[in-house]
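For chain A, the structure is supplied; the task is to place chain B on it using the hints.
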Amino acid sequence: MTTADELITLTAELLAAHDPAATDPLEFLRARFDAGLAWVHFPPGLGGLGAPRALQAVVDAELAAAGAPDNDPRRIGIGLGMAAPTILRYGTEEQKRRFLRPLWTGEEVWCQLFSEPGAGSDLAALATRAVRDGDGPDAGWTVDGQKVWTSSAHLARWAILLARTDPDVPKHQGISYFVCDMTDPGVDVRPLRQLTGEAEFNEVFLTGVRIPDAHRLGAVGEGWQIAQTTLNNERVAIGGQRTPREGGLIGILAETWRRHPELRTHELHQRLLQGWTDAEVLRLTGERLRQQLAVGQPGPEGAAAKLAFARLAQELTGLEVELLAEQGLGYGDWTMSRPELVDFTGRDAGYRYLRAKGNSIEGGSSEILRNIIAERVLGLPAEARSDKDVPWKESAR
Amino acid sequence: MTELDLLYSEVEEDLRSAVRAVLADRCPPQAVLARCEGPEPQDTGLWRTLAQELGVVALQVPEALGGAGASLRETAVVLEELGRACAPVPFLGSAVLATTVLLAAGDRAAGEWPALCAGGRTAALAVPLSTAPDAPFPLGVRADAAGALTGAVGSVADVPVAGLLIVPADGPAGPGLYAVDAADVTVTARGSLDLTRPLADVRLDGAPGRLLVGPDQAEAVLWEALLTGAGLLASEQLGLAEWCLATTVAYLRERRQFGRVVGSFQALKHRLADLWLDIAGARAAARAAADALSTGSADAAVLVAVAASHCGAVAVRAAEEAVQLHGGIGMTWEHPVHLYLKRAKADQLALGTPGRHRASLATLAELPAPGHGRLPRLPHV
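Protein chains in written order, with the numbering used here: chain A, 1 to 397; chain B, 1 to 381.
Think of the hints as simulated: they come from the structure by calculation, not from any bench.
Where hints are given, some of them may not hold.
[Said to hold, decoys possible] Taking CB as the label site, the calculated pair distances span: (1) 259/B / 192/A: 41 to 51 angstroms; (2) 111/B / 262/A: 35 to 45 angstroms; (3) 7/B / 367/A: 24 to 34 angstroms; (4) 256/B / 367/A: 38 to 48 angstroms; (5) 10/B / 367/A: 54 to 64 angstroms; (6) 7/B / 341/A: 30 to 40 angstroms; (7) 397/A / 256/B: 47 to 57 angstroms; (8) 122/A / 7/B: 46 to 56 angstroms.
[To be verified] Here chain A is said to cover these stretches of chain B; the calculated rule only asks that three of the stretch's residues, wherever they fall, bring their Cβ under 8 angstroms from a Cβ of chain A: (9) 47-60; (10) 176-184; (11) 246-253; (12) 274-286; (13) 343-352.
[As the list claims (entries may be wrong)] Residues of chain B placed beyond 12 angstroms of chain A at every Cβ, according to the derived structure: (14) 3; (15) 26; (16) 44; (17) 63; (18) 69; (19) 154; (20) 188; (21) 211; (22) 223; (23) 266; (24) 269; (25) 289; (26) 299; (27) 314; (28) 371.
Glycine is no exception: its CB is placed at the ideal position from the N, C-alpha and C atoms.
Only chain B is shown next, with the shape it has when bound in the complex:
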């Protein structure tokens, strides 16, 4: 096990301040709320700002390709801030999932970087958002010898604004990851639990695809992308949970009932203290996962499973507590806490549920499930 760095560097804190300032200006909660009912739930203008002014949409892309040449640790810090703001931008789909595949594709993806790094185009990875890293390679799309793709994928994140799709498909020589222009497929928007990260179904009817990663690497690269996504999503969940706690604490310091500030009641104080404790754990776990992913540690899979299962549950609890402790106002549409509840619950299902990640620890940590054959048989009567 290599030495983990669980703190934030000065560079990371500066990055956080810059991103937080832009998000405070460009997507305060009321603006996110107003946008998510409109025709464009995702904010492409904000995306271009993040790309052009902050350079954060291609953080871990090497500078030679037009990116910032940073590490996944910095990408994780950006996700913390995007989670805190519940920002409606396709960062997870484009800057994390699709980018990981494109970086692994090497020269075959070279032509994609200028538009992606400049923020003029985003990409999406065409798998159901609920796909866990250790799920079997998806075979719902078939590629013929000429590279034409046919099939369907449901519940893909960040598709409506994407110009480029990365599609896992079963080709003549085996599984592959293909680049497909979004204009060549049929995208049908779905109603999504998370209003700020819309989902869509994708149908391909002989869409022209370009092979990015062939059969020898496709499964490993897809696994790496999903593992990276699940590990960094923990940072988004951390930021989301922190917003919920801070907002709830602020409300309970103002709200009065029974002649007292509500936050002075011990029953509520203890719930918030427990939540704070779980969030302190979430910060350590999310940092550990980001650090292990950025160094390519052999321990990354374990730390991602730990972070994903812990942070996913903590974010949901933070949002549920926020709704409950805001009382009636927490149930209203006008208060933004429901955006966080919806994002938290969807995030909990995204890239593997907590239970799914714990199950993968059974193998990784050598804690095997009971073997059916070993259970004693009941005697025949």
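For reference, chain A alone in the conformation it holds in the complex:
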């Protein structure tokens, strides 16, 4: 097992061989991946050393102190948080070697082709079809359908894709998991303008998209089980971050309060104090989850962190608009733009208020997350489902 001291030594060797000040940032990131210091808990040769996950923090701290470039995890979050753990667990050796390195360095951005107009919370109802063509080494799939809410599709080189490969079996059993080449001529990405005025998401139309069988992830028909890995990793990624007190939205709000005594009212003061307390409780809950993960006892708090965050973000952003009064009536810019990432802190209050409405919908709606907690944590019975054992093509849609 690799120890913290060994990692510090390896990090020092990386820094000695590639002086961050004199090395191209991309070259540095590639060297870091090759040294196994990208995600230390991944296997050797795939950016890691098979070390305990908790030790990543040691490496990150050393590199940050040395001024090393980072790979902007916010911009490539879907690749890091969702595609990578799924490829690691279900991919072939060839797939892992092809995809993980440029994914981690940010050279190749990933997006996720899961949701459809008719399959949101009921994701397993998806209708995009993948039909097998050919045999032998040329075998592949032809994909037709429409996906929606796809963040980063306009920037992405690759996508993780769920498609139906067998309509004759119940809906959860007929889905397969693919890696889709976003440069295929059959892929048409169209901006989807949101209530903020921006087009942060996309609609993606898939028409005769050809995917080689070598880009299938896991067995045919096992896409749903594999997708659970992707979705669980998405939620855990949210709770595992470390935040300082007054980090994020509450910090913006508290600073506005301190700087503008003329805006204060007693009613807003009560709500501010409640919001501050809620933010601190959420921060401590996240910190507790992080400590549990570090000693290898992950708790179910991870699934709930997103739910709690959405509730708090909506309360705080609504409060901020009210506090700002005259200024809260304004809005920066309704011109449609294509942001690369969601940045709550660098924007005005009206944007934050509107964008936060998505927090309880995206990545699993709050209602679905409550079902998950009630069923998987508390052990309450599942919802009655009329379509569970019916072949997909016969189910009501």
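Relative to chain A, chain B alone:
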């Protein structure tokens, strides 16, 4: 800000198992229910067991004085279990509030430890249970130069079984904390909302008092005791809320209506999921407060205010949801959930309400209330 340890150590988990086993045996809910209507609502026999078999009534008292030499983190774990059992023992009053003062009194309290640690005697802090940590020093009792105390204090917790009272009083040289033998005061029991933590009024008519903490330290020591009490009460509230949730979930998995198990209805599942979420927050907040208090962190006051305001409200909601979701049976005397509702609501008022703790954050976190002088005046018509 120092690094907080928000997990439970193995030692703490072992302690929890031991306390839980004793409480399961000695005070199941039906036994608590039966006792609280009798002449002795508090269980002194159980207290002696907790003292002699588990040594948990003097956990943070140094071993040299006869205690266990543990930290407030372990005391908090015991409170979680006492909350889960709604146990009728004077732990908060004696092992937390009074003990904090007595430890600060040093040699002046030396003679008290043998009986307290052995469980033969308990102590109580003579302030109204609703007193918040940042409340002004109480001046309802006066001490003369000879140490005789005169005055009254209402709604004191854990007094009826206490042999020793710690009384804050205004003395000739200023505020002080005095030791008074319970036999020398008049104790009048009050009807209490919480059947398992009875309250009483205390009247002192020249009762002989012994100065434990003098004017230079009295206000700080009382503040520390109340802050410690408020911070650790959050752990009791956590345990109480966990019992309410677990009991309600178990009931909703059995109870059938409309041909279905009631717990399969989404409206109820979502309420319980939200409650679980708030309890997960309560566990993090209560652990943070206990850890900060045990290390003497400068951040303790903030974390206590956060834990007290969050956990107080969560415990009440958990108990109220438990009553509602048990339906008619939740309204009956025979089902113990009302004991938890009463304890939860009383706990919410104890040692500062959630609103009071949030208000103290206005100062601690520099989020000042609006200044009246800054509001624009209306023009005269």
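Results for each hint:
1. 259/B / 192/A: 41 to 51 angstroms: holds (43 angstroms)
2. 111/B / 262/A: 35 to 45 angstroms: violated (59 angstroms)
3. 7/B / 367/A: 24 to 34 angstroms: Because 31 angstroms falls inside the window, the suggested range holds.
4. 256/B / 367/A: 38 to 48 angstroms: Violated - the Cβ-Cβ distance for residue 256/B and residue 367/A, about 24 angstroms, lies outside 38 to 48 angstroms.
5. 10/B / 367/A: 54 to 64 angstroms: violated (38 angstroms)
6. 7/B / 341/A: 30 to 40 angstroms: holds (33 angstroms)
7. 397/A / 256/B: 47 to 57 angstroms: Given range 47 to 57 angstroms: violated, Cβ gap about 32 angstroms.
8. 122/A / 7/B: 46 to 56 angstroms: Violated: the Cβ-Cβ distance is about 37 angstroms, outside 46 to 56 angstroms.
9. 47-60: Since 0 is below three, the answer is violated.
10. 176-184: violated (count 0)
11. 246-253: Since three or more residues must qualify, the claim that chain A covers the stretch 246-253 of chain B holds, with 3 doing so at under 8 angstroms.
12. 274-286: holds (count 9)
13. 343-352: It is violated: at least three residues are needed, and the stretch 343-352 of chain B offers just 0 whose Cβ sits closer than 8 angstroms to chain A.
14. 3: violated (10 angstroms)
15. 26: holds (29 angstroms)
16. 44: holds (37 angstroms)
17. 63: holds (29 angstroms)
18. 69: Correct as stated: the minimum Cβ-Cβ distance to chain A is 25 angstroms, above 12 angstroms.
19. 154: With a cut-off of 12 angstroms, residue 154/B remains clear of chain A, as the shortest Cβ separation is near 28 angstroms.
20. 188: At roughly 37 angstroms from the nearest Cβ of chain A, residue 188/B sits farther out than 12 angstroms, so the non-interface label holds.
21. 211: Holds: least Cβ distance 38 angstroms, greater than 12 angstroms.
22. 223: holds (21 angstroms)
23. 266: violated (6 angstroms)
24. 269: At about 4 angstroms from chain A, residue 269/B fails to clear the 12 angstroms cut-off, so the statement is violated.
25. 289: violated (9 angstroms)
26. 299: violated (9 angstroms)
27. 314: violated (9 angstroms)
28. 371: violated (6 angstroms)
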